[in-house]
Structures are given as structure tokens and as C-alpha cells.
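Visitor: Chains A and B are the protein sequences, given in the same order.
Everything in the first sequence is counted per numbering that gives the first Met the number 0, starting at 0 for the first residue and increasing by one.
Everything in the second sequence is counted per numbering that gives the first Met the number 0, starting at 0 for the first residue and increasing by one.
Worth flagging that the hints you see were computed from the coordinates, not collected in a lab.
Just so you know, nobody snuck in bad clues.
Heads up, simulated DSS-like pairs for lysine-lysine below, C-alpha to C-alpha not over 30 Å straight-line: (1) A:K260 x B:K1; (2) A:K95 x B:K1; (3) A:K751 x A:K304.
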Amino acid sequence: MKHWTRREDERLLTGSGRFVADIAVPGCLDAAFVRSRVAHGLLRDVDCAAAREVPGVVGAWSAAELPDLPAVPHTLLARLSTEEAVAGREWPALVKERVRYPGEAVAVVLGEDRYRAEDGVAEVTFAIDPLPAVITPAAAAMDEPRLFDGLSNTALRGEAGQPVDDSVWREAAAVVQGRYRQQLLMPSPMECRTILAVPEGDRLTVWSGHQMPHRLKRELAALLGWSADRIRVVVPDTGGAFGSKSAAFPEFVVVAHLAVKLGRPVRWIEDRLESMLVATRGRGQDQTVRLAADAEGRLLAYELKVEADVGAYPHLGVGLPMQTVWMATGPYTTPRVHATLRSVLTNTMVTYPYRGAGRPEAAIALERAMDLMARRLDIDPVELRRRNFIPPEAFPYETPTGRRYDSGDYAGALDLALETLDYAAWRAEQARRREDPQALPLGIGVSCYVERSGGEPGGLHEFGSAEAHADGTVTVRCGAAPSGQGHETVFPALVAKVLGIAEERVRLVEGDTDEQPEGLGSFASRSAQVAGAMLQHVAAMLIEQARTRAAQLWGLLVDEVEWADGVVRAARDDSAVADLAELVKATGPLRVEDRFEAGMAFPFGAHVAVVEVDPELGTVRVLRLVAVDDCGVVLNPTVVRGQAFGSAVQGLGQALYEGMTFGEDGVPHLANGFLDYLLPTYSEIPPIEIKDTCTPSPGTPLGAKGAGESGCIGTPAAVVNAVTDALRPADPDLLQMPLTPDVVWRAARAPKFEEAPKLEEDSR
Amino acid sequence: MKPAAFDYVLPSTIAEAVEALGEGNRRTQVLAGGQSLLLEMHLARIRPDLVVDINRLAGLDRIDVNGNEARVGALVRHRTFESADAVPGPLGRLLALAVVNIAHPPIRSRGTMAGSFAWAHPASEWCAIGLALDATVEVTSREGKRELAVRDYFLGPYRTERRADELITAVRLPLLGDEYGVGFIEHRRTHFCFAQVAVAAAVSVRDGVVADARIGLVNSADRPLRARAAERSLIGTELPPPGSGHPRGDHPFVRAGQIAAHEDAAPVAEPYGDVAYKRQALAVLVARTLTDADADRRSRAARKGEDR
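So here's chain B without its partners, still in its complex pose (with noise of 0.2 Å):
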């Protein structure tokens, strides 16, 4: 488990970094947080030529709300959104939710969230929850800016739409309004493990109808996914009045986990996960999550009531 010899850059700024990462016709990888590059160099499946460092580059370690975005760049730890005031409303929560199923604090104290958009794993959950509020990646390179849609941006496991001279400056993510309820599930065997699938749900509902939906699906096809015929299903749907437990039957969030399941989903078959259960447990993660997502919504109502 060594990795094999490579060159390496400590750049200081981000000129210096995209003129190393164009460097001719060097296999080149940057390296932000390192929790997943550096196992894979390691086992010797990513072998680099050059191993661009962006841990100096000034200015990437914040988050910046613009209007209805937060901008979060390229050196912003997992770790940060461990507090759901690191970035405004009901998008902090749910980030909040989501951030303490990645692995363990050591790694999320050096992973960064651009940088699981860059390794663009099935099983992300960032990058499940950036296909379903719709979030931009920012790129530079020598040959200037792109902004990536990040409905357009996933192409299969660790495949993307940028380019290997290009580096990921910055994730926008737009905010959720305050009538949005948040949810987030995984489902795993272990606390360390990758999730066998989970499921990460916004809702907003006008009049007892569901007004929006997102639901982000995580390893549950060879890229992450939105389950946009789930949504569709139940944006204009009437809700019946909440129960207790977990909703059965006819519920339509029970119908969207079903159609999640078997029309969004291509779950990818693993040891201990066939195709057959991931697409049983992600029926039964959507619909949990989505009233997780809707009891969120009608407890910060209710708040909100109270304080007038």
C-alpha cells in the first residue's frame, strides 16, 4: 500500500495552481481534503504524474451568501456544516443532517465538500443533495471559468464533466425558503461504512399541498441521483393529515419511495446489497424521509407560529 512516485506542488495562489494542473500532458491530481485520493494512490489506482496541493491558496476556506446561494469553496471542511448555522434556513439544517454520515470527524475535519463533488462517488451525499437543489460547480482553468450545472455534471462512478486541467474553486448551493422541511436518512451496515443507499428530501407544501419537492437518492445507481419522477408524483398532491409512526399504505410519500425505487433508481448490485433490497430499502428511506422532511416543515411552522 504505497503509492507509486509522483511529483508534488504546494501552490500559493490560484493562478499558479490551474498553470501546474495544464502542465502539458501530466496525469494530474489535486489534492484538497486527500480522504479519498490518498487511499486510491495508495492502492496504486490513481497513479498521478503530479499531485497539485491547494491547501495554501488564500480565500477558499469560506462561505459566502450571495442573494438566494451559498457559495461554499473548494477548502471548506465537512466538518463545518456539523452546525446548521454555517450556512442560513432550512438548507443548514439539512446539510446538518446529512454531514454527520460521512465517515467519522477525523475525516470530515479534512474532506471538503467541493472535493466530493471532484471524486463524484455514487454513494456521496453531498453530491446526492447538490442534483436536488439544483447546485452549480465553479471551475478554473488556464483557459478561464465555467460554471457546471450539476443536473448536466455527474456522467458515472467518479465521472464528471471537468476536466482534469480544471479545478474546482467553489459549490453554490441555493438556499431553502423558510416554507421548505428538510430530511435526511443513510442507511449502512456500519457507522464507517458507505451507505447502502440514502436518501436526502426538501419539501414545501401550500394549503395542504405538496408545492415543491426534492428528493436526492444516494448510491442508488452508478452516479448519485435525483428521483425526479418520485417528485413529480408528488408536487400538486393533497397530504393527509399527519399520523403517527412511519406512513403506510396509500401514503403518497409511500408511493414515492415506491416510485423512487423502481423507476429513479438503477441501484448498482454490492455484497450484502442486492438490487432487489436497495430498491426495497430506498422505497422505505424515501417515504421515511420525506415525512422526517414534512414533520420538519410543520415543527418550524409551528415555531414560527408561536412567536408571532
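For reference, chain A alone in the conformation it holds in the complex (with noise of 0.2 Å):
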């Protein structure tokens, strides 16, 4: 087991992995969805009967045979979504009279195994009649058609900072605006989204591939109408989740239900095509920016509108695009940010977190909003970004959106980037090759961030225990939930070395909301900042308590007794020793266990990318990709590194390949699963070099910031920047991700940016 570098490592690569699909309970039925084609329109005539009739199906339900079916709860989290958006806007489990998206479920079949519902599924008849789809934010804002009667598709209007003066722009040196597409992304765990519930008795107990045990049952258990106790929620190993985990999803509603209506175990095991066509999806907005500055590249103002596309129904995503609006300053000085967002429901499924979660969408429009400045004043982009960086001495700040940033060595991540790179030798190739008309052009493009990571106020905290035991082993519980995050090796291993003992002597207990009454979960890059943190301190409480028992064991002061290594001694003549095993056994279980905050924490780094494009093709190939992130204080490098590598690589994926494209009929391109949806594959990855500085976060005692998202945040701006930088379009807007061979062909075949056009000043 040495050569594993991670715990779980074994279990997870070799096959032994137990997940809910994996989990074999006798009597089992499985649950297909009958599922819309079309995006918008009115239901009638669902008929179940062919469907009861196929063998092995058990059952066949819409929901006008389901009156009692809840309705998908509403999640208004941290301030993401308010009573407002969703009042008048239920999102029924089963489509009731009306289709709001594609694929959206008209009515449940219940089989003895997937293959009977599947082909009870097939004799389910139904008709729609279509309304027109809009799947655009500036169509659905028209109100034409609504998607609820009487109700406006625009579900949420937000804004950060004040408006900016007209003054500021008129006597600017220099104004540029951009115009940016986020487009929206599919999270593609490699385990689709999994529920399997089992009534037990009076209680349910439910397995789920899921981010928030505690959420689910709180959930689960209102929409059932039961107290919280009832429901156990268990989480087995989960393959990957993205931010995309942490609801009760329509089908989750339906299944628990199911199981409890008819007293049988129920399991719906969603498979990739489902998944593409109604798991939730990621980014989705329409960005308009405007940003001044002075002669100097000092930077005046910046103005972001935001036009979000939430999807169908006001879920929790219908408030995560105010994480773009928060971060809209970035890394940067300026005085006067302003930030709007209106966020419209639109045919498609709803719109949720995906790995950045509105930190990438403020990142990119920054940050091509900044080299389009650079070009406009003829500066350097890097000399424009060191002029406006936020000095290391300014922190905690504040800023215009109303963030109030920990920490930072903004300045100190790029100049570790630049040297990585080597930047000026990359500058005197792009200006050989310029030269030489046989030569691809290159680009270099930068990109620097800021985000956030921990939550928001109000979900900052985790809950969690540490309990000795009498063989000397210690177990700690706690509310994170992982989804291949590394949990049981880096976990454990801070607890040990808080407590001085051996990593093996300390076992992680997640996921299994039997275990502890409360806990949070694992999203917004927060469980080492959170979670780590309240176990370093429930580990610190542990040697307290220790210290306690042995004094009174031993009739000393508490400030007698010293903890090394494991164990308790009495400090002034070591008359007395106890290791855990020893104390345990003499005094009887040893547990604490306490609810622990911690401080928003705001990782940044920076991000430069090296890219050839073939103008005739439109080929983009990375050449270097150097991402330097900071998320202060590291437990494991291994670990580390392997979240900022994946999400660089997730990150070029929304740069070069990701995207949704959708039909005149409102119905997404994803007929043949991924070879439509092109995630970037071992084949694409270019050189990619991680490294990292460390500004400790001063939010917990630990000093950890979230390492989750650095990637998908940093790394689409570099690429993006860099391929502007190789044409020098007059009009980069033309760039809009994903960058695919056509556009960047129709972007290289336009004109180009003159040289030079020099400031407004210098032609009046």
C-alpha cells in the first residue's frame, strides 16, 4: 500500500470502489424517465397502460397518477436565491401541464432492472403541443413567450458597487468594451448523478453520489413530511461531482417517493445521455464590460453587465451569477467597479455550480477587458496588470463589489509565472516569427485572478468530532463529503500531525449523516479550508481534554501535564506517563466534537499560456501552459497539484472544446453523447506546468484556502488572450469560446488591429 500516494488510491484504481450503483440490495427496483424531445410546450395525454404491461416493470406513474408527489425544493442557500425569484414558480418532480426543457421527465417507470424500465419507457405515449423555445437570455428577456403565465422570465435582478459617473468615462484616456459569451458547460463527472433509497423500518435510508449529506436529508425529510431523524443519508465513494451534486434533483424526489409509497427500495443509476441532456449545466451568461484608465494604464473604472442564463426553473442558480458580480474587481485597484446582473429562465435545464461557480465568468471578462486595454494604450499586458495589482500591504481589502479580500501577492504569482515561462524569450520568438511569412503566429496570453473560496457568510462553518479510542486508533468525523478529493489521506494525516501521532493511527469517518447530527459538505472549494481547519482544531481539543483526564488521574493542574507525541506526561518529573491507548483505558472514552467557522479566503494566481495557431485551419495548439496558483497554506502538494492540473485542463476545455450548441427546436446537439460534447481528452493536454506560491489565509489558525477551482478560473483568459495576441483581430469579440477551428479561422481572416492607433488624446 506504500506506493499508493493517496489512501483511497487502491480502492478507486484498481476497481474496488464501492459506489451506489455497486450496492446490491435484494428486491431492488430501478427507475427510467420518460422524458420530453421538445423544449417547450403543453402536455396531455400520458398513458402508463402499455408500460404496466411489459414484464418486469413493476409500476408507471405520471404525475397526474402521483398527486401527492412533491415538488422539487427550492434552494435558497447563501444568499444565492430569493423567496422572490421563486414564488409562483414551481418546479414539479413530473411535468404536470407544461415543458419547460428538453428532456425534462413526463413519467417514471419502475423495473426490475433497468433494461425492463427502459423498455417500459418505450410503450409510455404522450403528446405535447409546442410552444416556441427561447434558450437565449436577450430572447427570453423579450417576455415572449413566458414561461410561467404571468410571470416575467426575468427572475432576479442583482448589482455590486455603485454606478460608475458618466464624467469618468468622457474624461478617461482611454475606454474599451467587450462583449463575452460564458457558454454553458456540462460538469461530466465520471459518475453520472446516483440515488438508492431503502425504507428500513420507520426511517429511509438514502445512498447518493452527493456533495451535501445533510442538505439532502433536511430536504428529503421536509418533502416527505418526516422529522430529520428518519432519513439517513450515505455517501459511498462518488466519481467526481463538479459543484453539480448538491441537490435534490426531480428524479431524487421522485425515487424517495417511490420507495416509500411502495415500501421497496427504489435506485435511479443515471446514465450519460440522461445526464448530458438534463443533469445541470454550468456558466451560462452574456457579459457586456466597459473599462477606463488614465495615460499611465492606471485603471479609472470598470462596468460589468451580466445577462445570466439560469435555465427553466429559479433553483439555486438563478443567485450564482452574484458570485460574478462580487468578484467582478479582481486582482486590481480600482477605484470604481460596478456590477449588474439580470438573471433570465430560459428552455433549458436549470443552470447550477460548476467548478468556478461565477469566479471564471468574472476572471475572463476581466481579464480580456485588460489586454484590450493594454493594446489600446500600448503597454505591455503584464506592465498593465503590475500597475494596477492590489501591493500585498493593502490587505484585508475591500473592495468597490463589496468583497473584503484576505490576502495576496498578486504581483509575486505573476513574476513567478513569467520566469516559469520564460516570457521574454517567448516575446522575441512572437516577434522572429512575425517577421518570417512561412511561421504560425504565436500568442501569449496572461491571465490573473482572484476568487473566493470557503462559502458564503452564513455556510463558513463545519461541524465535526475526534474521538480516542482504547487501541489507541483515533477516529474523527466531519461534515465534507468527497468526491475523489483525497479526504482520507489528507485528513487523517493533519490529524496525526496535530496530534503527533502516526497517520495510520487515525481513521476518517464522511459522509454518513448517522454519524453526526450536522454537517455542511464539500463545495465552494471549502474542505480544507473549513473542514481542515475545524479538524485541526477538534484534534486541538482532543489534546486539551487529554491533558484534563491526566491531571485529574493523576491529582495535577491541567498546566502540569504536557502533551507530546501522542502522550501525556507530567511535566515537571515525568513521574507520570499515558499514551492515548493507556489514558483511554484508565479514564474511559476520550471524544470532543464542536461547530468551527472560518474566514472566507480569496486564492489568486496567475495563469500564461503559449499558443501556434494554423490562421488557414484555425487550429489553436497550446505550446506552454504555466499555471502559478495560491491557496495559502498546502496540506498535500500531491493533492494540490492534482486539482490545479485537472482544473487547468477543465479549463481549456471551456477555452478550446466545451459547449452546448442547441437546435432551431430549443433541443440541445447531444444525439451522440461526447463525440457532440468534446471534452478535452489525454490527447489534448498540452505542457502544463503547475507551481505555486504561499500567502497564508488568516481567516483559521490552519491558513488554507480552497485549491478546487484554480484552473477553470485562471486558465481560460490566458488561452483566450493568447490566441487574440497571435491575430490581432480588430475585433476580438470575434474570440467567443469555446475557440473551435471555425471561429478562430473566421477570426484570423478578419482585418486586423492596427499598430499603434494611439490614444484619443494624441489626435485632438
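These two chains come separately, so use the hints to put the complex back together.
Guide: Below is the structure:
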């Protein structure tokens, strides 16, 4: 086992992990859903009778046949949504009258296995009278048609900062504007969504690949009308989440309802095509930006307008783009920043957090605008950034958009990135190529970002405990729920370090709501920052508890008992010594638990990409990608490196490959799964160099910030800026992500940016 | 993603197989490598009553070279062609250049060349090569054997002259003489996906004049295509001395690319590849592939000179 870098890897990488679909429960039924093939329309005549005749089918229901079926619970977590946004816009678990997104479930079939359930699905008949579908925020904002009769499609408006006075724009030496599309992305975890609901006596045990088991427990209890202690949620091995597995989805509501109604185990194992059609999407913003600077390149004002596509129902995603608005300031000292949001309902599956969750959109918009400004002022883009970074001594820093950044050294990260890349050498190579007609154009792109990790106020805490046993081992529990991040390795090591004992003696228990009454989960890159700090805290409490016990046992004052390397001893003369095992044997179980609250943290970094473009074909080849990230104190370099690498690859996905496209009818082009929606695969991964700087977060004694989303936030703008730098189109807005060959070819043949147009003053 | 119920047979002789395929009015499908069929069945877009698995049939896993043709049995897997020596001469080299573009190694270890001709995907590399080289498809049914010329074989996307009761037993590819140079270039968004477009080319030149040109176009219409107009523009044309980099200006290869893209091709728009872009990519690829083929021819001739 020594050769496995992470404790969980032997299990996960040799195929002996235990996922929800691996859990065999006798008599379990498989659910399969009958799904709408149209985006928007009025449903009628659902007939499940023929399905019930299919051998092996146990039941089939439309919404009308399940009158007690509860609606999908809305989520008002973390200031991200409002009662007003959700009022009157119920999300039924099965369509009652109106289909609002393609793939929305109109009936459910339970079978003895998934094959039989799908055979049943094929026999269900229904009709949909189509309505026009709106799939862009601009179209939907016209309120023609409305998704909910009598209610606007605009579900929420928000803003941060103060409106910028016209005189600022008028009097600035340079003003640049851009329009950016943050395309809809699919989170695409290796394992799609899963739920297995098993009624046992008066309780229901729910197994699910889920990021927030305690929230799922509360939501299921509420929709069943039960007390929460009758629900147990267990998260077994989970194959990735990326933000997409934290809700009680429509299918979960149906499965839990039917398991209780029938008194039988029921499961739903989402398959890939279902997932592509009806799993939550990320991003989905149309942005307009305006940036002003003086002649020396000092930023004066920044304005960001976000039109967000939040999908068909105002779930958590309706307020998620507020993350973009709050983070609009970025790493710069811009004195005036105003960001506004309009969240618009469209005929697509709901938008939801996807790794980065609002911060990539903020970073990409700002960093593209920074390159526009550098070109306008004829300043090196690196220099423009250096002139505007918030300096290390300015922290904590209050931004005009209402964030209080905890700590940072933005110039330090950029310097390391440029040094790692050898920026000057690549600029020289770029100059050489511009003189060589045979050479492919080369571009260098920089992206400096600051993001937020941990969660929002009210959700910055975690619960946990530590318990020493008579055999000298320690069990720690916490409310986090991993989906592949390596908690089993990192957290026991952290606790062992605090206690001064061998890692092997610490065992972690997570993801089971019967193990501890409360917990939050794993999201917002919070596990190390918040749960890690909580575990450090309870480990320290365990030490104090052990000293207190030993003092009582030996008739000493607590101050007279020392703890070192898992052993308590009488400080003055070593007259009494006991290790944890002896102490527990002598004094009984030793257990501490607490709730611990962390501060919001603001990880940051600098990414630099070098690309080569074939202008005839429009292909982009990434020659180098350097990612310098700062997530404060690193608990495990291997795990953090894995996070940085994986998120950088997902960032490349947004920049170059991924994006949902839709037909005229509003149905996404996904008939061939991952042949239609292209993820970067091993063959597409360029040379990536990962480095880090360390600026501890003052928000906890541990000093860790979130490490999980860096590349999704930092990488896309580096790549897009590099392609823009290579092609120098007069209108960089031609380069909208994903930068597919057709997009790049069109930008390559468009008019070029004229060198040195000079400042507007010069022509006056 | 589960197939609808179907029957399955695993015959041990060709006679049994065609007997099963000819049974009454059942919808039948042949299973060879299964790399397209199984996906379509999972998606329930193909719902056969009967699947006839031919993997136990003897003698279909061989490549036989008879005279001027390579006869590729119906169970020869794609990966066989990863070696340029699997088939003699420039043809072996062309197939080796093309095969690495067919999906991933696991798919190439199961999928078959004959299966590609049965499935007739517009983006099939093999089908475009078969067209360019005037290949022949051998089929057998209860009524006997037929030979189908590939030039008239493709009727549309996934539609061919083969009847559902006919089993492809082999594809016959004419060998290319040593005077040919070959090239194959594929353009796609990621390694995993189908070609946006791809081009296969074989060129022979005598005394500086193009003697023969064969150009196959992948995913350039609703079916595999041969760029006959582009070929005609080249045959009999004198080639300028080779330059460095890609051909430009009024080079015959560039002209052939334009003709292939605008006269031969009838591209079908797809997400991230509208008709204008596909024509552009085709024009570029045809010119580059011809250049590769010509360079291959010249290096081959130079090596031959050295051998003497």
C-alpha cells in the first residue's frame, strides 16, 4: 500500500471502489424516466397503461397518477436566491402541464432492472403541443413567450458597487468595451447522478453520490413530511461532482417518494445521455464590459453587465451569477466598479454551480478587458497588470463590489509565472515569427485572477469530532463529503500531525448523516479551508481533553500535564506517563466535538499560455501553459497539484472545446453524447507546469484556502488572450469561447488591429 | 441507454450466417466489431430483431494479396493496418497513415474495415479511401455472391447497395504501384471525435507531369466522396519544383483543393462546422495532402535511387 500516493487510490484505481450502483439491495427496483423530446410545450394525454403490461415492469406513473408527489425543493442557500425569484415558479418533479426544458421527465417507470424499466419507458405515450422555445437570455428577456404565465422571465436582478458617473468615461484617456459569451458547459463527472432509497422500518436510508448529505437529508425529510432523524443519507465512493451534485433533483424526489409509497428499495442510476440532457449546466452568461484607464494605464473604472441564462426554473442558479458580480473587481485597485446582473429563465435545464461557479466568468471578462486596454494603450499586458495590482500591504482589502479580500501577493504569483515561462524569450520568438511569412503566428496570454473559497456568510462553518479509542487509534468525523478529492489521505494526516501520532492511527469518517447530526459538505473549495481547519481545531481540543483527564487521574493541575507525540506526561518530573490507549483504558472514552467557523478566503494566481495558430484551418495548439496558484497553506502538495492540473484541463475545455449548441427547436445537439460535446482528453493536454506561492489565509489558524477551482478560473482567459495576441483581430469579440477552428479561422481572416492607433488625446 | 430486446445467434459457417440474415421479415444486423452497432443499439436508434454475430466464422480474419489486389476479410480489425507492412507497397503506407485517425486503440482493436463499409458513415476514413482507389465489396446471401463496385456503392448516410440479407465477406483494395506517393490528413476538434473533414490522396508523376491522382474526401458530403473534378484538374498537369512549407498561390495542388472544396464536395453543416468553414478546411487539406503525397513519392524515388 506504500506505493499508493493517496489512501483511497488503491481502492479507486483498481476497480474495488464501492459506488451507489455497486450496492446490491435485494428486491431493488430501477427507475427510468420518460422524457420530453421538445424544449417547451403543453403536455397532454400521458398514458402509462401499456408500460405496465411489459414483463418485469412493476409500475409506471405520470404526474396525474402521483397526486401526492412533492415539488422539487427550491434552494435559498447563501444569499444566492430569493423567495421572490422562486415564488409562483414551482418545479414539479414530473411535468404536470407544461414542459419547460428538453428532457424534463413526464413519467416514471419502475422495473426489476434498468433494461425492463427502459422497455416500459418505450411503451408510454404522450403528446406535447409545442410552444416557441427561448434559449438565450436576450430572447427570453423579451418575455415572449413567458415560461410562467403572468410572470416575467426575468427572475432576479442584482448589483454590486455604485454606478460609474458618465464623466469618468468621458474624461478617461482610454476606454475599451467588450462583449463576452460564457457558454453553457456540462460538469461531466465520470459517475453521473445516483440515488438509492431503501425503506427500513419507519426510516429511509438514502445512498447517493452527493456533496451535501445533511442538506439532502433535510430536504428529503421536508418533502416527505418526516422528522429529519428518520432519514439517513450515506455517500459512498463518488466519481466526481464539480459542483453538480448538491441538490435534491427531480428524479431524487420521485425515487424517494416511490420508495416510501411502495415500501420497496428504488434506485436511479443516471446514464450518460440522460446526464447530458438533464444534469445541471454551468456558466451561461452574456457579458458586456467597459474599462477606463488614464494615460499611464492606471485603471479608473470598470463596469460589468451580466445577462445570465439560469435555465427553466429559478433554483440555486438564479442567484449564482452574483458570484460574478461580487468578484468583478478582480486583483486590481480600480476605484470604481459597478456590476449588474439580470437572471433570465430559458427553456434549458437549470444552470447550477460548476467548478469555478461564477468566478471564471468574472475573471475571464476582466482579463480579456485588461488585454484590450493594454493594446489600446500600447503597454505590455504584463506591465498594465503590475501597475494596478492590489499591493500585499493593502490587505485586508475592501473591494468596491463588497468583498473583503483576506490576503494576497498578486505580483508575486505573476512574477513566478513569467519566470517559469521565460516570458522575454517567448516575446522574442513571437517577434521573430512576425517577420517570417512561413511561420505560424504565436501568441502569449496572461490571466491574473482572484477568487473566493469557503462559501458565503452563514455557510462558512463545519461540524466534526475526534474520538480516541482504547487501542490507541483516533477516529475523526466531519460533515464534508468527498467525490474523489483525497480526504481520506489529507485529513487523517492533518490530525496525526496535530496529535503527533502516526497517520495510520487516524481514521476518517465522512458522508454518513447517522455518524454526526449536522454537517455542511464539500463545495466552494471549502474542504481543506473549513473542514480541515475544523479538524485541526477538534484535534487540539482532544489534546486539551487528554491533558484534563490525565491531570484528574494523576491529581495534578492541567498546566502540569504536557502533551507530546500522542503521550501525556507530568511536566515537571515525568513521574506519570500515559499514551492515548492507556489514558482511554484508565479513564474511559475520550471524545470531543465542535462547530468551527472559518473566514472567507480569496485564493489567487497567474496563468500564462503560449499558443500557435494555424490561420488557414483555425486550429490552436497550446505550446505551454504555466499555472501559478496560491491557495495559502498547502496540506498535501500531491493532492493540490492534482486539483491544479485537473482544473487547468477543464479550463482548457472551456477555452477551446466545450460548449452546448442548440437546434432551432431549442433541443441541444447531444444525440451522440461525448462525440457531440467534446471534452479535452489525454491527447489534447499540452505541457502544463504547475507552481505555487504561499500566502496564508488569516481566516483560520490552519491558513489554507481553497485549491479546487484555480484552473477553471485562471486558464481560460490566458488561452483566449494568447489566441487574440497571435491573431490581433481588430475586433477581438470575434473570439468567443469555445475557440473552435471555425471561430478562429474567421477571426484570422478578419481585419487586423492597426498598430499604434495611439490615445484619443493624441489625435485631438 | 439500454438496447431493446433482440435475439442473438453465433453461427459457425458463412452459410449459417446468411441463412440467419435471410430469415423472413426480421430486422437483422451483423455484429463484427460492434463499435458503431452496439452504440446505436444502446441509443435504441437501431432496434434489430436479430443480431448475427460473425466473430466465429473461419477464414474472415485474413488479408490475402492476389495479383493486384489486397482482399481484406470481414473480421480484419482496424489495428491490423497500423503496420504499413500489413499490405504491400504504397497502399499499406496509406492505410497506416489513415488508421491512426480511427478513434482510439481499444476501438481499433475491435472494429473492422468491412464493418466501416457496412455502416457507411460519411466520416469513415476507409470508405473514402475505398472510393478513391476503386475498391470492391464482396457480399454473400442465400441467393449467392455479388461483387459491388465501391464507386456506386454509397447511396447516402448509412445507406449502401448492400441488402440487409447480405453479409460482407471481404473488401478488395487495388494495390498502388511503387510510382505512387500517398498522403492522409485528418482535421478534427479533438482526437476522440469524428473528422470535421479528412483527405486521402495518392499521386503518381511521370516526367514532372501528374500521371494519376486519387483523392478521397471524408465527411465532405452526406456520404463518402471521391474528388473527381479535382483529380481531373491535376492529371496531365506539370508540377512546379517543390518549395518549402505549404503550397500557395496558383500551385496546382492549391487549385485542386479549391475545386475539391467547391465542386466535388457538398458539405453538410454541423455544430462548429458550417458549410463555408468545411469548404475552407477541405481546400486547405486537399492541397496539403497532395503535397504530402508528392513528397512521399519523391522521397521514395530518391531512396530507390540510392539503393541502386
